[in-house]
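Working from the sequences, and respecting the hints, build out all of it.
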Amino acid sequence: MTEKSKILLVDDDDVITETLRIVLEEEGFLVETASTGQEAITKSFKNYYNLAIVDWRLPDILGTKVLGSFKETIPKMEKIMLTGYPSMQNAVDSVNARADAFFQKPIDMEILLQKIKELLKLQEQERSFSEEKMTSYIETRCMELAPKGH
Amino acid sequence: MTIPISDEIILGAIEKGLSALGENPKQATWSFLEKVYEINKQDIAKNLDEFQRAMQQLFGPGSKFLDDLFREYLAETTHEDLTNYTSFVKCVSELRNKQTVNGQNSNQRNREAN
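The listed protein sequences derive, respectively, from chains A and B.
According to the numbering used here, the first sequence holds residues 1 to 150 in order.
According to the numbering used here, the second sequence holds residues 151 to 264 in order.
Hints may contain errors.
[Said to hold, decoys possible] As a list, the in silico DSBU-like pairs of lysine-lysine whose alpha-carbon atoms are at most 30 Å apart:
1) A:K46 <-> B:K185
2) A:K133 <-> A:K105
3) A:K6 <-> B:K214
4) A:K71 <-> A:K6
5) B:K214 <-> A:K133
6) A:K76 <-> B:K214
7) A:K133 <-> B:K191
8) A:K6 <-> B:K166
9) B:K214 <-> B:K248
10) B:K196 <-> B:K214
11) B:K214 <-> B:K240
12) A:K121 <-> B:K166
13) A:K71 <-> B:K214
14) A:K4 <-> A:K133
15) B:K166 <-> A:K4
16) A:K43 <-> B:K214
17) B:K214 <-> A:K117
18) B:K214 <-> A:K4
19) A:K71 <-> B:K248
20) B:K196 <-> A:K76
21) A:K43 <-> B:K196
22) A:K65 <-> A:K121
23) B:K248 <-> A:K133
24) A:K105 <-> A:K71
By construction, these hints were calculated from the structure, which means they are not laboratory data.
And the structure:
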């Protein structure tokens, strides 16, 4: 990755967001935080994030609702759901809301970091593939439309 | 404070907008403009209507997304509010007109002062 990846942390628990922020910044990521679902959605309208880590239970709305909104604002963003109340239903709802990973609190930082890196690598590969397809499309159009002799 | 519009500023906005596609697609777009439309990168600001046609021919409805980006970056650089304009070309044209009128007014003021 040439640029630093941007991560949005969405949790109303300051201890968790600050701990995660420190760890992620040490790993070279750019980190922003939001303490409510609405704040996170508003931020995703204005800024691009490569990945979001969202708590299941936020003070205003459910984390799954936030993930649903991200689908509209940043469709390619990778999304990790955190929960302090693990249940099969929560996991199913998270998958249905298109979470790419589901973690239970207390978080094992090492496993979380590994997952973040894995998801960002996949995102980067997908981006490169899209760029290749785009370049190939432009070059084809160029051949189709260029006057002969070029 | 408003920054006067120049060919460099126009090209800068286009360059930044095309960067959203990625480096290789951007280079392929420059090449498309040269080969199909015979417009060199440095001459784009003088051939904006042609450039707009080229973008529409190449990207179809997707050109609207790029046009919005060009406008956004132009607004950022010139510190002008360009939200009410329907296309990048119209923004540039309006900014150029504004600059000409301001220039004429300033010349007139200088003449009156002398």
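Check whether the Cα positions of A:K6 and B:K166 lie no farther apart than 30 Å.
With a Cα-Cα distance of about 19 Å, the restraint between A:K6 and B:K166 holds, given a limit of 30 Å.
So if I understand the rule, the pair passes when the alpha-carbon distance is 30 Å or less; does A:K43 with B:K214 pass?
With Cα atoms ~24 Å apart, A:K43 and B:K214 stay inside 30 Å; holds.
Restraint status (C-alpha distance of A:K71 to B:K248 at most 30 Å)
41 Å, violated
Given the hint that B:K248 pairs with A:K133, test it: the Cα-Cα distance must not exceed 30 Å.
41 Å, violated
Holds or violated: are the alpha carbons of A:K71 and B:K214 at most 30 Å from each other?
21 Å, holds
Hint check: A:K71 vs A:K6, CA-CA at most 30 Å. Holds or violated?
Satisfied, since the Cα-Cα distance of roughly 17 Å is no more than 30 Å.
Taking 30 Å as the top limit, are the C-alpha atoms of A:K76 and B:K214 close enough?
20 Å, holds
Given the hinted pair A:K133 and A:K105, is their Cα-Cα distance within 30 Å?
The given pair, whose Cα atoms are some 40 Å apart, is violated under the 30 Å limit.
If you draw a straight line from the CA of B:K214 to the CA of B:K240, is it 30 Å or shorter?
13 Å, holds
Agreement of B:K196 and A:K76 with the hint, judged by alpha carbon distance not exceeding 30 Å
36 Å, violated
Given the hinted pair A:K4 and A:K133, is their Cα-Cα distance within 30 Å?
24 Å, holds
Distance restraint between A:K133 and B:K191, which requires alpha-carbon spacing of 30 Å or less
23 Å, holds
Hint compliance for this structure: hints 1, 2, 17, 19, 20, 21, 23 are broken, all remaining hints hold.
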